[in-house]
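Visitor: Residue numbers (my numbering), protein chains in the order written: chain A, 1 to 338; chain B, 1 to 338.
Bear in mind the hints are in silico, worked out from the structure with no lab data behind them.
Treat the hints with care, since some could be wrong.
[Claimed, not checked] In the DSS-like style, the derived pairs of lysine-lysine whose C-alpha atoms are separated by at most 30 Å in a straight line are:
{"#": "1", "chain 1": "A", "residue 1": "Lys199", "chain 2": "A", "residue 2": "Lys278"}
{"#": "2", "chain 1": "A", "residue 1": "Lys269", "chain 2": "A", "residue 2": "Lys190"}
{"#": "3", "chain 1": "A", "residue 1": "Lys269", "chain 2": "B", "residue 2": "Lys71"}
{"#": "4", "chain 1": "B", "residue 1": "Lys199", "chain 2": "B", "residue 2": "Lys218"}
{"#": "5", "chain 1": "B", "residue 1": "Lys80", "chain 2": "B", "residue 2": "Lys3"}
{"#": "6", "chain 1": "A", "residue 1": "Lys71", "chain 2": "B", "residue 2": "Lys269"}
[Claimed, not checked] Covered stretches of chain A, going by a simulated chain B footprint (3 or more residues, C-beta under 8 Å):
{"#": "7", "stretch": "91-101"}
{"#": "8", "stretch": "119-126"}
{"#": "9", "stretch": "130-137"}
{"#": "10", "stretch": "257-268"}
Nothing here was measured: the structure is a model prediction, and the numbers come from that model.
Glycine included, each C-beta is placed from N, C-alpha and C at the ideal position.
Number of protein chains: 2
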Amino acid sequence: MNKALHNELIVIDGLQYSNWSREIFEQLREGGVTMVHATIVYHEQIRETLLRIAEWNRLFELHGDLIMPVKSAADIRRAKQLGKVGILFGAQNCSPIEDDIGMVEVMRELNLMIMQLTYNNQSLLACGCYEAEDSGVTRFGRQVIREMNRVGMVVDMSHSGERSTLEAIELSERPIVISHANPASFHPAKRNKSDTVLKALGQSGGLLGFSLYPFHLKNGSACTLDEFCDMVASTADLMGIERIGIGTDLCQQQPLSVLEWMRNGRWSKEMDYGEGSKANADWPAPLSWFRDSRDFPNLTAGLQARGFSDDEVARIMGQNWLEFLDDALQPQPGAAFR
Amino acid sequence: MNKALHNELIVIDGLQYSNWSREIFEQLREGGVTMVHATIVYHEQIRETLLRIAEWNRLFELHGDLIMPVKSAADIRRAKQLGKVGILFGAQNCSPIEDDIGMVEVMRELNLMIMQLTYNNQSLLACGCYEAEDSGVTRFGRQVIREMNRVGMVVDMSHSGERSTLEAIELSERPIVISHANPASFHPAKRNKSDTVLKALGQSGGLLGFSLYPFHLKNGSACTLDEFCDMVASTADLMGIERIGIGTDLCQQQPLSVLEWMRNGRWSKEMDYGEGSKANADWPAPLSWFRDSRDFPNLTAGLQARGFSDDEVARIMGQNWLEFLDDALQPQPGAAFR
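The whole structure should be built from the sequences, with the hints applied where relevant.
Guide: The structure is reproduced here in structure tokens:
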């Protein structure tokens with residue numbers, strides 16, 4: 001492996017929800033990760049989101065030698081220069097804005113840069129991929145997409161239904177992302193995406209982050225690096241080499257209670273097993289070639305071995321995310337906090 | 001008019017959202033109203049709902065000679081005996097439970113007796129009648145209906161879409177209400193209900209409260225008492241005489257700002273005019289024969305003149321609501337607060 005290449009790259013992980021600690025930050029740096037899109041909330045509402053941000057502020061204070069907040073795409077380049085790991089805040093549900101259109105800008109002022117319109121279930125904005133039927137983006141959802149476009153907050157449809165995703169791509173005046181999912185043609189999971197969605201995403205200038213969460217992979221935890229890289233190659237053919245990146249969905253060192261929170265929030269009296277089942281309720285076993293963030297160089301090596309050029313590898317490992325965010329995080333004129 | 005009959009009746013108004021004051025309570029008593037289903041919240045969430053309940057507690061303290069809280073159907077009969085106006089709490093949206101299934105029972109403990117699953121827009125539970133498309137009751141919505149059934153909180157689909165309403169009737173193990181709406185065959189408004197819905201509601205043992213809000217009436221504010229009573233008669237034929245009541249939707253002495261809150265909540269940056277329009281944005285003019293709660297005797301007289309028997313008039317004016325609530329407000333065994 002050309003380890004030298006990996007060290008030169010701007011490496012971006014398009015989604016993690018790890019149990020953040022100094023140990024995990026050190027692993028990110030050891031793995032050469034320049035920036036991670038960190039999920040700060042799932043189902044947390046306004047007040048709880050502020051508590052999570054306060055916890056992050058404390059982490060920045062304690063571990064400022066290792067990590068730094070990302071308040072613009074320029075901060076990603078700065079993190080690379082400084083040898084730090086940039087932390088970009090994101091939400092996996094729209095609960096941080098509750099029912100209030102004005103909260104989009106307020107959350108963006110607090111550096112919430114990416115927000116999913118739904119997490120599996122129907123939300124006030126759109127439909128999740130676990131509902132029986134998807135009636136698309138709602139009246140409130142249309143206004144929220146416009147507002148996210150205005151303030152420079154990225155729409156993420158990773159956990160949304162097919163129709164809502166296609167409508168969001170169409171309605172949004174700025175490209176959107178699916179930060180962590182794989183093609184359904186590779187592995188037919190509810191969370192993976194049809195070629196129709198992926199083509200529309202690519203054509204609109206959007207971005208797909210490939211997931212390394214075993215439930216999204218062919219053969220689950222036994223999926224090989226070769227199989228993964230084959231999927232990357234065929235998706236590059238479908239969407240374009242500039243429209244793909246990584247979004248590991250790594251949930252390192254999280255207890256089962258966190259998985260249950262992700263799956264159930266507060267909405268269910270019965271246990272919902274999400275992508276698992278009653279007999280398989282726990283976190284999936286990790287991939288042998290991607291146990292934690294220290295294994296990012298394995299991805300670079302795998303892509304090189306698969307025949308991608310150095311430029312293509314750089315794109316997939318982070319350059320595409322960086323170029324996407326260069327534009328996407330820019331507020332439009334008139335946003336109050338510019 | 002047989003004024004004596006009206007004075008004997010248990011008169012129930014299936015929905016009001018007036019700007020509550022001693023004057024309005026006096027008008028309710030003067031009009032012979034035994035109980036009013038009072039909307040305490042539209043889009044208010046948990047904390048705000050508690051504030052509204054605290055305001056009501058203060059009203060009960062200040063005006064205990066005129067009004068009393070309704071904590072069971074027995075309290076309605078008690079109000080009649082005492083010559084007071086019973087106040088039954090209801091919500092016109094599901095925002096008081098936010099995203100939390102456990103809040104159904106908590107709100108029922110605080111005497112929230114009726115809750116709409118939606119208010120015009122898509123909610124976390126079901127679809128409102130103003131969305132372009134209705135995909136029915138959501139995963140969370142199914143759980144909430146079961147929980148409302150369990151604790152004895154009435155499902156109200158007055159502002160919901162057709163499909164969601166039919167599904168709620170089907171899913172709910174206990175009969176539901178449409179507390180304030182009219183047949184679309186009488187006046188084709190988005191808020192009025194199809195014969196399909198009304199038949200299903202009647203057959204399931206549910207109840208329709210006829211609205212006196214001019215936007216729900218043929219010829220609007222010019223609708224005559226005769227036309228209204230004709231609608232009652234034809235709906236009695238469709239649904240059964242035991243399945244109908246009154247739900248005036250009286251919003252007395254409310255400023256325009258409250259109408260705007262009802263229509264827009266916090267979800268819209270643009271003004272949404274709801275049933276009105278930019279050129280007709282204000283409250284509609286009141287009916288000449290139903291200006292406020294003092295005019296309830298006009299309804300009794302109109303129904304008598306239309307040929308309903310005294311027993312039928314008594315049913316429509318309140319007995320049907322009372323018998324419905326006798327069962328509907330009973331918690332099932334196991335509800336913590338019984």
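Visitor: Each of the hints needs a verdict: does it hold here or not?
Guide: Status of the hints after comparison with the structure:
no., hint, in the structure
1, A/Lys199 <-> A/Lys278, "violated, 35 Å"
2, A/Lys269 <-> A/Lys190, "holds, 22 Å"
3, A/Lys269 <-> B/Lys71, "holds, 26 Å"
4, B/Lys199 <-> B/Lys218, "holds, 21 Å"
5, B/Lys80 <-> B/Lys3, "holds, 17 Å"
6, A/Lys71 <-> B/Lys269, "holds, 26 Å"
7, 91-101, "holds (count 5)"
8, 119-126, "holds (count 4)"
9, 130-137, "holds (count 7)"
10, 257-268, "holds (count 4)"
Checked against the numbered hints given earlier, this structure breaks only hint 1.
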